[in-house]
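A.B. asks: Protein chains in written order, with numbering that gives the first Met the number 0: chain A, 0 to 279; chain B, 0 to 263.
In short, the hints are calculated from the structure, not lab data.
Note that the structure is a prediction, hence the values are computed from the model and not measured.
Yeah, the Cβ is synthetic: ideal placement off N, Cα and C, and Gly gets one too.
The reader is advised that the hints may include incorrect statements.
As the list claims (entries may be wrong) - Non-contacting residues of chain B with respect to chain A, defined by C-beta distances greater than 10 Å in every case (computed): (1) E27; (2) S87; (3) T88; (4) D93; (5) D100; (6) H102; (7) Q115; (8) H195; (9) E222; (10) V239; (11) G244.
To be verified - On the chain A side, residues computed to face chain B include the following (Cβ under 8 Å): (12) V43; (13) L109; (14) L154; (15) L158; (16) P162; (17) F165; (18) V172.
Claimed, not checked - Okay, derived cross-link-like pairs now, DSS-like style, lysine-lysine, Cα gap no bigger than 27 Å in a straight line: (19) K111(B) to K73(B); (20) K73(B) to K113(B); (21) K95(A) to K49(B); (22) K111(B) to K93(A).
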Amino acid sequence: MTNFDWSRIFNFTDFAELLPLVQNSLIAGALLGLVGGLIGIFVVKRDMSFAVHGISELSFAGAAFALLFGANVIAGSITGSLVAALLIGALGNKAKDRNSIIAVLMPAGLGAGILALALYEGRASNKFGLLTGQIIAVDDPQLIWLIAICAAVILTLLLIWRPLNFASVDPEVAAARGVSTRALSIVFMLLLGLAVAASVQVVGALLVLSLLVTPAAAAVRVAASPLMATLLSVAFALVAVLGGILLALGGGLPISPYVTTISFLIYLICRLIEWGRRGA
Amino acid sequence: MSQQPLLSIKDASLAFGEHTLWTGLDLEVQPHEFIAVIGSNGSGKSSLLKAILGQQELTGGQILMQGKPIASRKVGYIPQSRAVDPASTLRACDLIGLGLDGHRFGIPLPSKAKRQAVSRTLEAIGASELAKTPITKLSGGELQRMRVGQAVISEPDLILADEPLSALDLHQQQVVSALIDDQRRAHNAAVLFVTHDVNPILDLVDRVLYLANGKFRIGTPDEVLRSEVLSELYGTQVDVVRNQGRIVVLGTQDHDHHPEEEWK
Numbered sequence: 000m001t002n003f004d005w006s007r008i009f010n011f012t013d014f015a016e017l018l019p020l021v022q023n024s025l026i027a028g029a030l031l032g033l034v035g036g037l038i039g040i041f042v043v044k045r046d047m048s049f050a051v052h053g054i055s056e057l058s059f060a061g062a063a064f065a066l067l068f069g070a071n072v073i074a075g076s077i078t079g080s081l082v083a084a085l086l087i088g089a090l091g092n093k094a095k096d097r098n099s100i101i102a103v104l105m106p107a108g109l110g111a112g113i114l115a116l117a118l119y120e121g122r123a124s125n126k127f128g129l130l131t132g133q134i135i136a137v138d139d140p141q142l143i144w145l146i147a148i149c150a151a152v153i154l155t156l157l158l159i160w161r162p163l164n165f166a167s168v169d170p171e172v173a174a175a176r177g178v179s180t181r182a183l184s185i186v187f188m189l190l191l192g193l194a195v196a197a198s199v200q201v202v203g204a205l206l207v208l209s210l211l212v213t214p215a216a217a218a219v220r221v222a223a224s225p226l227m228a229t230l231l232s233v234a235f236a237l238v239a240v241l242g243g244i245l246l247a248l249g250g251g252l253p254i255s256p257y258v259t260t261i262s263f264l265i266y267l268i269c270r271l272i273e274w275g276r277r278g279a
Numbered sequence: 000m001s002q003q004p005l006l007s008i009k010d011a012s013l014a015f016g017e018h019t020l021w022t023g024l025d026l027e028v029q030p031h032e033f034i035a036v037i038g039s040n041g042s043g044k045s046s047l048l049k050a051i052l053g054q055q056e057l058t059g060g061q062i063l064m065q066g067k068p069i070a071s072r073k074v075g076y077i078p079q080s081r082a083v084d085p086a087s088t089l090r091a092c093d094l095i096g097l098g099l100d101g102h103r104f105g106i107p108l109p110s111k112a113k114r115q116a117v118s119r120t121l122e123a124i125g126a127s128e129l130a131k132t133p134i135t136k137l138s139g140g141e142l143q144r145m146r147v148g149q150a151v152i153s154e155p156d157l158i159l160a161d162e163p164l165s166a167l168d169l170h171q172q173q174v175v176s177a178l179i180d181d182q183r184r185a186h187n188a189a190v191l192f193v194t195h196d197v198n199p200i201l202d203l204v205d206r207v208l209y210l211a212n213g214k215f216r217i218g219t220p221d222e223v224l225r226s227e228v229l230s231e232l233y234g235t236q237v238d239v240v241r242n243q244g245r246i247v248v249l250g251t252q253d254h255d256h257h258p259e260e261e262w263k
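Extracted from the complex, chain B is given alone in its bound form (with noise of 0.2 Å):
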């Protein structure tokens, strides 16, 4: 697979003042892989897809998607779950329309071909019954669904995700996280997926990138997710824990529990 990567991020750094996020950053994403972005609060995780996607300036270094600067249309996002406006007029279908054509000048005139790329998409996602449902109705996991759909319309080459899955409980973080994985396949797109909590996509994931202290480790979970890399990263003693299938990082000094994501 000697493929152009699709995104190459090269020498990159991201500092604030005094303070260094991540520096020395090379990562090239092949086509079609899903990598997971996890690391620690304020260790910069979503300031790195805020620069992909341009928001962010770089200290230094750069991305490139394709061999060029990024083209946002190419790219599809996914937002953490949150409240919606209980004002809010939105249907689902309306939700997932604007990932197609939000972002065009003009009006929105009713289109045969956008209503029957919103219905493929809700199809796709499995949620056909919920079109017309109003988003102030939906529970956070169908919310999500409709994000992943919102993300998929436009059929981007490279899918962002920012902790799609916080706020969601266990199951439907199965279901989302399974969700992205399924439409990333169908559509041929590589996934960065930022996270506190790896364990809901460590089948799906095949790489990590793990940021931590300014300094960065990047392989397949199996490389990274260990006591001694992860000893090495933080600059102290880190204890990996491998149990019934799930990764708990122990040490880290940072929120590694969190109350509120308590397992039931």
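The shape of chain A in the complex, shown without the other chains (with noise of 0.2 Å):
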């Protein structure tokens, strides 16, 4: 076994003067932490995971073209996210549709993202984050961009969250208590866009599940109420981001897999405490 340079990937040289130009990243991870936690829980009610990752295909394809033609990629992004999100929400009702409509989109956004990389000329850099995150920079008209698209979000869904949650956990009786469960679920879908548009800038379209499913899926199981639930999502995916960022600080390596490991040794921790409860 030839000698790895473990200093490669965790690497504490320096740290103190790195930190300050992370700061625009720790806001936005922070903002995304924050949304991923929330929304999560929604994703999860709803049995949505697949959605997310869909949604995420087609954010790629629109900042891919956005990149392509020199326009503003969070824009791109979120118009690509937008138009899976309706598509998904306005064709797959029943969960059966919804997993193929998913699954047509998918590739297709993911062929034509790729078809816009490879006729891009600029950076390389720039391609691969939009599939596998940043290295850590972003600046400060992106972090503007991402701080009133994780606010519109937040604020819509705590408005609606008391019907929103009834309607994803009691659907028929909530139907039957006069709440609008459709125009709720169209919403939904469009706070889901939004906040995958978010996370694809940071962590890249291929891993926006390791912050809007894993933190939440995590915490459902081994809450004991619905709010604990919440809490530990918004907590474990702050920590998967923040700790993410942090961790590639030194390296020089994108953030994503610090995130990815991060949220996933998490799930892996909320799972084994479940065992240990059952056995107990």
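Got two chains here, each in a separate frame; can you build the complex from them with the hints?
C.D. replies: As structure tokens, this is what we get:
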């Protein structure tokens, strides 16, 4: 076995000097963690994990075309996301239909995106970043976009929290109580589209699930109440994304492998805790 | 008792394309009345509830509650017993709480009034000790008791129950139907109770709405559940057999015998 230089992955020399450079990333990460943890709870309740993946591929396509044509990448990403979210929302009312529609949209989006990237002649790291995440740099205009998207998602989510929750966990009774489940599901898809577009900017299209699904999926394994599930989901997402940014700092590697690994480890620990409780 | 009827169904009809479920349906439900809606599969029992809730548009006629179009806020709804999502983090008290304020905008802030209402309801349905139990750990009967609590916590004038006893064993059927009766008395609510088997609630009902063949009959169980009445309704020979307080309807050509509901 050759001597692998672990300091390429975990390197904390000059950490204090590097920290100010990632200030923007940390703010973006905190916002994304909050959004991912909150919306993830509903993704899990509504059984829409696969939809998140489908939306992220079209979000990638939108971003790739924006890059090719020199347009705003985040705006392209949002456009792709919203188109996907609305298509999935409009065509896939039943879970079965929804999964096949997502499976049809996903490769179409990914393929189109790859075409756009192949035609693009700019910096290669821009291309790679859309799929697998950025190398820590979030510039100021990007940050403003992210703040605006995240604020819109969080505020809307808080506004519709109770009826969305009712419609997600108990749709039949919610409808009988006058909750407009169809309108809520469209609004939710739009919020999900925005959250995906924001996440793509930091962790990349292929790894969005680690922010929008894994923390919530881990939280519901161990939480004993809906409030606890929400708090844990947000906490897990924050730990994953902020931890990922800080660990990635020294090595100059993309943050996504760190984020996804932390996220996965948290999930694993939650499964073990659950398993331990059952055995007890 | 010359009160205004709580619910008036006037000359209502519902058809899907060529297929007419019911037509010319007139029914006035008085406050506190317990009405069983029975009939064969596909006779439009559940569609009637959906129409009352405003989720299903009528082909003709109208449905009014206290003289006005239905306000779903004043209606409690008890669904069929279904398996719950195994990943659910809801506890019994959360499920009941949804019935109180689940439809309102905003986030669920801690509220003393809500806590008290939920614990009063849990007490009323005899389930205080189950308050913190995850709904994934409740038995079918316990879950349906919570459903009753969820339906009555908002003090509805009308309770709509859609096959709430299906998939329950005989003992649980009795417990849950007695609880519905008890709670509708406590809250002065009328009940429309959709069921394919009237026996568990035979002693509780004031009137029966029997839907079959696009037609219907309304009356007390003794008036409606008779061989000559149902034979006329179905247009074929139907026998109503009474045995040890149980009513069995024979010859309707639909599934009046469900193997999964075999009596032990």
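A.B. asks: Hint by hint, note whether the structure agrees.
C.D. replies: Do the hints match the structure? See the list:
| no. | hint | verdict |
| --- | --- | --- |
| 1 | E27 | holds (22 Å) |
| 2 | S87 | violated (6 Å) |
| 3 | T88 | violated (4 Å) |
| 4 | D93 | violated (6 Å) |
| 5 | D100 | violated (6 Å) |
| 6 | H102 | violated (5 Å) |
| 7 | Q115 | holds (18 Å) |
| 8 | H195 | holds (18 Å) |
| 9 | E222 | holds (30 Å) |
| 10 | V239 | holds (32 Å) |
| 11 | G244 | holds (33 Å) |
| 12 | V43 | holds (6 Å) |
| 13 | L109 | violated (29 Å) |
| 14 | L154 | violated (11 Å) |
| 15 | L158 | holds (6 Å) |
| 16 | P162 | holds (6 Å) |
| 17 | F165 | holds (4 Å) |
| 18 | V172 | holds (5 Å) |
| 19 | K111(B) to K73(B) | holds (23 Å) |
| 20 | K73(B) to K113(B) | holds (18 Å) |
| 21 | K95(A) to K49(B) | holds (24 Å) |
| 22 | K111(B) to K93(A) | violated (38 Å) |
The structure shown violates the earlier hints numbered 2, 3, 4, 5, 6, 13, 14, 22.
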